[in-house]
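Chains as they are written, first to last, in the numbering used here: chain A, 668 to 1239; chain B, 17 to 243.
Simulated pairs of lysine-lysine, BS3-like, Cα-Cα distance not exceeding 25 Å:
#	chain 1	residue 1	chain 2	residue 2
1	B	145	A	1016
2	B	204	A	739
3	A	739	A	689
Beyond 12 Å from chain B on every Cβ pair, some chain A residues (computed):
#	residue
4	679
5	693
6	853
7	925
8	1164
9	1170
10	1198
These are calculated hints, taken from the structure and not from any lab test. All values derive from a computational prediction rather than experimental measurement. Note that the Cβ used here is the ideal one computed from N, Cα and C, for glycine as well.
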Amino acid sequence: MAILHFANLTYSYPHTPKPALKDLSLSVEPGELVAIAGRNGSGKSTLCYALTGFIPHFFQGQWEGDTWIAGKRVVDATLAELAPIAGLVFQSPANQLSHTKPTVYEELAFGLENLGIEPTEMRDRIDAILHALDIAALATRSPLTLSGGEQQRVAIAAILVMQPRILVLDEPTTQLDPQGADAIFFLLSQLCQQGTTIIVATHDLEAIARYATRVLLLQAGQVYRDGAPQAVLADESLEDCGVGYTVYTQVSKQAQAAGILPSNQPLPVTLEGAIAQFQTARRLPKPIHNSERHTKRGSGETPIIRFESVSFAYPHQNPVLQGVDLTLAPGEQVALLGRNGVGKTTLVKHLNGLLRPTEGTVWIGDRATHHHTTAQLARQVGYVFQNPNDQLFCGTVAAEVAFGLRNLGVSRTAIEKRVEEALDSLDLIAFAEANPYDLSLPWRKLIACACVLAMQPAVVVLDEPTIGLDAQQIQILSTALTQLRQQGTALVLISHNSDFVVQHCDRLLLLQNGTIRLDGSASHVLRHAKQLTHAGVRLPQVTRLGMGLGLEAIATPEALLAAYDETFRKAL
Amino acid sequence: MVDYGWATGIFLGVLLPWSAWLGVLRPVLQRVVWVIAPLALFLIPIHSFFHPGTTVLLTIGHFTLTQEGLAYAYLILSRLAVLASALLAFSLSTTPAELATTLTQQGVSPAFTYLLISPFQLIPEVRTKAATILAAQQARGMETAGNLWQRSRALVPLVVPLVLGALVDVEERAMALEARAFRAQGYKTSLVQIPDSVAQRWFRWGLFGFTVAFVGWSQWQFFTSRI
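Could you build the full structure based on these sequences and the hints that come with them?
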């Protein structure tokens, strides 16, 4: 018998004429791991709320149809009755904490206390979950002092410890580094095998392909496709739904078009599937070194950024950076890699004087950051923060983008022109007169990018710009970054999305233990696959596919196909 | 006649040893000085010169400094010291979480204790958030240092995201509480048991009885002195 059953659910949020969910019918069996995919705004979060009873019990609005959770008719139950049955984990981890508990251990007890679980059982359950999520080291820490990734794991643990029969997660891994995200998905698949029903809304197609037993593809509040990952993630209409493909599918598609793979085969969605197809299409080539090597670096021009033996420590703490030497040439596109907490954000905060070295000097052009305010350095270094809510305050998107330009003293006519250009480059013209807070968080993120691009700095720093964006929005950002490259603007990128990184950056830096351990072109750095993986970096999908085919340090689909074809021809 | 020794006696004989026993003597003393010193700067001259009194200690022009005035300023300050040190010793030695657990164990509604406690927890968060917002706005070329005009211009870009962010958070936080069965009916348990011995209970009742008796006695003194 289905554990979740929806019959013709239609729901509209208050004061919005367009329904967020439209005539949606759905049955989920116990023990399924269902992934919800779809563009931002397609109804993924709303469906998560409906699956846990928050719609209609928490969110007001218009509601039609009927829903059952574990045999309980939702309208007849209360949220307090449904909470122990269907647990909900949502995106922002800090807001999921109780804010009343001094330690993680007690935080995990919060839900159990509310359910009246006896202390001995509480301790058993908490110990088990701390172990399962590998967060025992955090047990005595204050939840408020944890990093975003750590808080997210605690938030997931806080729901899991209540042992719900159904677990609904709305983009639960956005704050995690790749290893952390993998650990969560692995845990979910284990829970699923033990009988828990899991529903997870995510943009992580690779995780969906690997772990989900079923995918629901949403489009405008309706189920557009419903089936096995292999079928849905290779569906022709996926791009129309704003979802995109895994790199494995994309490369195979390109290979089919180029006649490298036979076109009558279903497209693979996983690494293993893609390797198998390439292997069976032609005999496996012998391992070769990729011919693409060091691309040109900092072409002898005066560097725009120079770190001279920079060390930094927060007061009364161990050093985060130790003797970092680094130069960045004008127009260079660089990515900083490394696991969460390794000091990537600390390093880039030195670029515009938000932090100043405890030892050494940071030069921006010919100016040492010691002697200038962040506002003065903003003309040369633009910094897009992770959370757009930390900066947006104007009544319209256009006014928001103009704010930085007014600070720089740009003339009124020039402001108008530059605002328009920046909005255009990020496909935001239609929202120019909208209030930023009427738009969803991913669009606000693009607005925050536009604010910085409009200032036309010589260096743009982006801190995790793709988190929460759907494939279409990532494409918009990609186009804007390509424009930046053409204009000769330098880019410093922090991102766990390594396929996005290699698409935009010629040079990769690996930060580990406070120093730069690897520095070179993408193809050079990707050669150190073991070291990168050890340092918490997930190799790009295309690199892993290359490695599976015996090709080393591949950074782009084009390079992969060229190297594959060349090797195959040589083998002939 | 007011007994000037009471407040000083309680401050030195009860509150300071109590703070020392709780391990917070140093921060309590520091903060009491921070609170009292600026007030003393005004209270002492005002009361010394303007409080009615007959024992003149010093005359400067038209102003006379009396012993009664000086004593009265001392009385006010010593009472403030008692109030401040008692509150400080309590707040520095009791975490909001411990207070919440204790109140819940004493039968106070969890919703009420949540409302009471959550603002305390918000303070460090708001401070961190404000620092991030300020950094983000500086990165967009906004000067936050300088003259009053420049600083006041920085206020709107700081406060608006702070307030809007808090409003956005409120909904999610309410959802988080629901998701963790905060409003579940029936028996609730507590992981941490705050020990509450019979002696402590008697002591609390004793304090309560003492306060009632003391207020009654002082009122009685007040009325009988008028008859």
